[in-house]
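Trainee: Read off the chains here:
Number of protein chains: 2
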Amino acid sequence: MTKQLVFGHQSPDTDAVVAAKAFSYLQNKLGFDTEAVALGSLSEETKFVLDYFNEPEPRIIETAKNEVESVMLVDHNEFQQSVSDIADLVVTDVVDHHRIANFTTNMPLNFRSEAVGCSSTVIWKMFNENGIEIPANIAGLMMSAIISDTLLFKSPTTTPVDVEATKALSKISNTDYNVYGLDMLKAGTNLSSKTEEE
Amino acid sequence: MTKQLVFGHQSPDTDAVVAAKAFSYLQNKLGFDTEAVALGSLSEETKFVLDYFNEPEPRIIETAKNEVESVMLVDHNEFQQSVSDIADLVVTDVVDHHRIANFTTNMPLNFRSEAVGCSSTVIWKMFNENGIEIPANIAGLMMSAIISDTLLFKSPTTTPVDVEATKALSKISNTDYNVYGLDMLKAGTNLSSKTEEE
Ligand SMILES: [Mn+2]
Ligand SMILES: [Mn+2]
Ligand SMILES: [Mn+2]
Ligand SMILES: [Mn+2]
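So the sequence lines, in the order shown, correspond to chains A and B.
Under the working numbering, the letters of the first sequence match residues 1 to 198, in that order.
Under the working numbering, the letters of the second sequence match residues 199 to 396, in that order.
If you're looking for bench data, these hints aren't it; they were derived computationally from the structure.
Careful, some of the hints might be misleading.
Stated by the list, open to error - Label-pair restraints from in silico Cβ distances: (1) A:Ser41 with B:Phe277: 30 to 40 Å; (2) B:Asp283 with A:Asp85: 18 to 28 Å; (3) B:Lys369 with A:Pro156: 38 to 48 Å; (4) B:Lys201 with A:Ala101: 18 to 28 Å; (5) B:Asn376 with A:Gly131: 27 to 37 Å; (6) A:Asp85 with B:Glu255: 44 to 54 Å; (7) A:Ala101 with B:Gly238: 21 to 31 Å.
What the hints assert, rightly or not - Listed next, the stretches of chain B that the computed footprint assigns to chain A, with coverage defined by at least 3 CB atoms under 8 Å from CB atoms of chain A: (8) 305-313; (9) 369-376.
Don't be surprised by glycine CBs; every beta carbon is placed ideally from N, CA and C.
Using the sequences and the hints, build the whole thing.
Mentor: Below, the structure written as structure tokens:
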């Protein structure tokens, strides 16, 4: 099996980083050989999430064609938001929750986008559909992404399935999503590292 | 719930017609109000299929905006293969198994494309994922579409899941897929209606 890279969009938010990790884990369980990477430096919020669930930071790449022939995209599909040499690569899989634009392939692929609040919600469904168990720390990451994208269900993009996924992932990760979620969103505002003038 | 139209590509093949019927049935069971229509006259093969499973021919439309605001596409995504006024409509759902090109939306949507032999295979998975029972005649239609698109598994686009879906649908429709499939493909060659010179 040829190795593939999995990544979210440039200027990655928490969903872009952890959906790549979760989808890579799922694909590897399904028999593929993938590595989750990121297309830019991580936010304070994402660092808090990875640290909390003892997950290493992903490698950051600028181009992919120097390493692999084909890639999987999460949390984006528009080529201008993707890796710089996306036009030279084969895209085999996409998981997303955004509008579709500026995306084209020569060959059929697996493209799954749903009108929900977070890519990690779609990936949660895919774990269930494939009967693959979600490890506690991956569940914690996915729960964090949904809290981040939906601002703890306050965003108008929130759907009932995002809430359902969060509750299920909260159980698996044994983490109170309300208490943890507020801490996480607070970490994202990065108060501690700001000067008083800010 | 506002009514929506569901249709496959222009110059419809069997999958384009029956995937629209199957997906419309599924969406209606999920609470939406949809009607399956076709974008052109039916092939001899498709007429044989609908006749065999006692299913009426779909209404043929030229434009959609005069009837509805939003539509669901099956068995295609490229706008030039779709209804003539596709650019003026909101696409809420796509189920497909082709490359993605010339497709764009302003809003998030449900887009499900898989690298399998037939759209009806993807729809079979979606029935199962949603726990919706497939009626015997709809199962017969979907089985016919897979046999048509894969030429009874002889096409190189055939995947194991197409075979699995065919066997499951064969059971539900109580139809031997080998015997029926050969009859159906023969009907598609339309020998009976051709003159000797052809
Ligand atoms: Mn994002
Ligand atoms: Mn997202
Ligand atoms: Mn077709
Ligand atoms: Mn087809």
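Trainee: All the hints need checking, so say for each whether the structure fits it.
Mentor: Structure-based check of each hint:
1. Remark: the range hint 30 to 40 Å for serine 41 (chain A) to phenylalanine 277 (chain B) is upheld by a beta-carbon distance near 37 Å.
2. About 37 Å separates the C-beta atoms of aspartate 283 (chain B) and aspartate 85 (chain A), a value inconsistent with the hinted range of 18 to 28 Å.
3. A beta carbon spacing of about 44 Å between lysine 369 (chain B) and proline 156 (chain A) agrees with the range 38 to 48 Å that was offered as a hint.
4. The hint said 18 to 28 Å for the Cβ distance between lysine 201 (chain B) and alanine 101 (chain A), and at roughly 27 Å that hint holds.
5. A C-beta distance of roughly 30 Å is found between asparagine 376 (chain B) and glycine 131 (chain A), which places it inside the suggested range of 27 to 37 Å.
6. Between aspartate 85 (chain A) and glutamate 255 (chain B), the C-beta spacing of about 48 Å keeps the proposed range 44 to 54 Å intact.
7. Between alanine 101 (chain A) and glycine 238 (chain B) the beta carbons are some 28 Å apart, a value that agrees with the proposed interval 21 to 31 Å.
8. With a threshold of 8 Å between beta carbons, the proposed coverage of the stretch 305-313 of chain B by chain A holds, since 9 of its residues qualify and at least three are required.
9. Check on the stretch 369-376 of chain B: 0 of its residues sit with their Cβ under 8 Å from a Cβ of chain A, so the three-residue criterion for coverage is violated.
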